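Protein chains in written order, with my numbering: chain A, 1 to 164; chain B, 1 to 213.
What the hints contain is simulated information worked out from the structure, not anything from laboratory work. Remember, predicted model here, so these are calculated numbers, not experimental data. Incorrect hints may have been included.
[Said to hold, decoys possible] Chain B is nowhere near these chain A residues, computed Cβ spacing over 12 Å in every case:
#1 8
#2 40
#3 55
#4 67
#5 77
#6 79
#7 81
#8 89
#9 127
#10 129
#11 137
#12 145
[To be verified] Some but not every residue of chain A turned toward chain B, in silico, with C-beta under 7 Å:
#13 43
#14 44
#15 52
#16 59
Note that CB positions come from ideal geometry on N, CA and C, so glycine has one too.
The chain contents come next:
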Amino acid sequence: MQGFSARLGGMLVAPRATLARAAAPGARGGLPDLWALMLLLVPALRLPQLVAGAWYAIDVSPVGGLLLLLNLVARAVVLPFVASLLGGALLWWVGQGRLPARYADLAALCALPALVLQLTVNGLLLLAPESVQPLARPLVGVGGGVWFVGLLTVTARALRGAAA
Amino acid sequence: MSQRARGRDALGAEEAPWSRAVGRVVVAFAVALVLFQSVGLLRDGDRLRGLVRGQPAPTLRLPTLAGPPISLEQWRGRVVLLEFWATWCPPCREKLGLLERLQDELGAQGLQAVTVEIEGNRERVSQLVGAQAERRRRGGLAASAVVHAIGTDAVAEAYRVQTIPQLVVIGRRGEVLHVQVGGGGEDELRQQVAQALTASAPTGGGSGAGATR
Chain A
1 MQGFSARLGG
11 MLVAPRATLA
21 RAAAPGARGG
31 LPDLWALMLL
41 LVPALRLPQL
51 VAGAWYAIDV
61 SPVGGLLLLL
71 NLVARAVVLP
81 FVASLLGGAL
91 LWWVGQGRLP
101 ARYADLAALC
111 ALPALVLQLT
121 VNGLLLLAPE
131 SVQPLARPLV
141 GVGGGVWFVG
151 LLTVTARALR
161 GAAA
Chain B
1 MSQRARGRDA
11 LGAEEAPWSR
21 AVGRVVVAFA
31 VALVLFQSVG
41 LLRDGDRLRG
51 LVRGQPAPTL
61 RLPTLAGPPI
71 SLEQWRGRVV
81 LLEFWATWCP
91 PCREKLGLLE
101 RLQDELGAQG
111 LQAVTVEIEG
121 NRERVSQLVG
131 AQAERRRRGG
141 LAASAVVHAI
151 GTDAVAEAYR
161 VQTIPQLVVI
171 GRRGEVLHVQ
181 VGGGGEDELR
191 QQVAQALTAS
201 APTGGGSGAG
211 ATR
């Protein structure tokens, strides 16, 4: 079985092979990989905001600080998670519903490259002038979305072929 | 030899031997970013800490919409309720209404509400404030005594504004008593303002006005 690193790298360099392994009976990975990557991504890109929220919890209001932190995390994780669920629903419909849990996992794997793109570009932007950042962020969003939809399409076609 | 024996998957794609290495590079990059930001925070992280209760409120000298510039010192002896806000922020605009109500209710007891728009958008502030003033006039209310100031980056930084709206209750002696960020929290704010007003009335010899949780 592949580990998180192997599945993550596999979705970048050999997505079809990685998705095929993930679709096999008894395979692991998918949604847990998505959560693991987001656990890395949030502190990697939002550490100052996390620290500010923690200070607020300590100095002013624990509940207020917790809400700030939850809001910060939610803004990072909601879109990939919802996209995975919707993608999984699409794959379930294409694959005729034989393995619903795996379809959400497959869709989650399709979302990994988009998150890696976000991590890489926004991480490098931390070193770039502030004037560049507002221009780059929408492009990262669009690029990641296209990548996710592309992988979902490949997966859907493979599932449709298998179901036929 | 089957496709699988040749190292190919069911879709006919070959396994990439360096998948694990690429994945580890991604993880290492994320960890490096955390470390990079941590170094910056260790050096300069104090700026992320919000205002601390009991500390003197930072100096505030700002232009206003339609009057002379203001400074915090002119309200020494009164409780000041500051709101840092921006014109594009809906919860901020809701808090403006709350500040007007508090000013109407508690102005006579020594409250002075001041809004500080942090992006220097004088024209938009003027439109919003003007519209609110018109609503008050139609409702038969007198003009609000809330002061609207146009903020600067330096003031926002001095007051550690990270999230808006940020409300700061400043006591009669110029000390920070309470900080609140985000929408909601009207009941708590009212409680904190009431405590600040009663804690050290100007004619009384009360104890210190430090807020307690």
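Evaluation of the provided hints:
At roughly 4 Å from the closest C-beta of chain B, the C-beta of residue 8 (chain A) falls inside 12 Å, breaking its exclusion from the interface. Not every CB of chain B lies more than 12 Å from the CB of residue 40 (chain A), the least distance being 4 Å, so the non-interface label is violated. A cut-off of 12 Å between C-beta atoms contradicts the statement that residue 55 (chain A) is not in contact with chain B; the least separation is 4 Å. For residue 67 (chain A), the requirement that its beta carbon stay farther than 12 Å from each beta carbon of chain B is not met, with the minimum near 7 Å.
With a cut of 12 Å on Cβ distances, residue 77 (chain A) stays outside the contact zone with chain B, its closest approach being about 15 Å. Here residue 79 (chain A) stays apart from chain B, with its beta-carbon at least about 18 Å from theirs, past the 12 Å limit. Against the 12 Å criterion, residue 81 (chain A) stays outside the reach of chain B, whose nearest CB is about 18 Å from its own CB. Distance to chain B confirms residue 89 (chain A) as a non-interface residue, since its nearest Cβ pair spans about 22 Å, more than 12 Å.
At roughly 9 Å, the least C-beta separation between residue 127 (chain A) and chain B is not larger than 12 Å, which violates its mark as non-interface. For residue 129 (chain A), the requirement that its beta carbon stay farther than 12 Å from each beta carbon of chain B is met, with the minimum near 16 Å. In this structure residue 137 (chain A) is separated from chain B by more than 12 Å, as the shortest Cβ-Cβ distance comes to about 16 Å. For residue 145 (chain A), the requirement that its beta carbon stay farther than 12 Å from each beta carbon of chain B is met, with the minimum near 19 Å.
At its closest, the beta carbon of residue 43 (chain A) sits 5 Å from a beta carbon of chain B; the interface hint therefore holds under the 7 Å criterion. Interface restraint check for residue 44 (chain A): the shortest CB-CB distance to chain B comes to about 4 Å, inside 7 Å, so the restraint holds. At a threshold of 7 Å, the smallest CB-CB gap from residue 52 (chain A) to chain B is about 4 Å, leaving the interface hint in force. Annotation: interface hint on residue 59 (chain A) holds; nearest CB of chain B at approximately 6 Å, less than 7 Å.
The structure fails hints 1, 2, 3, 4, 9 (numbered hints given earlier, in ascending order).
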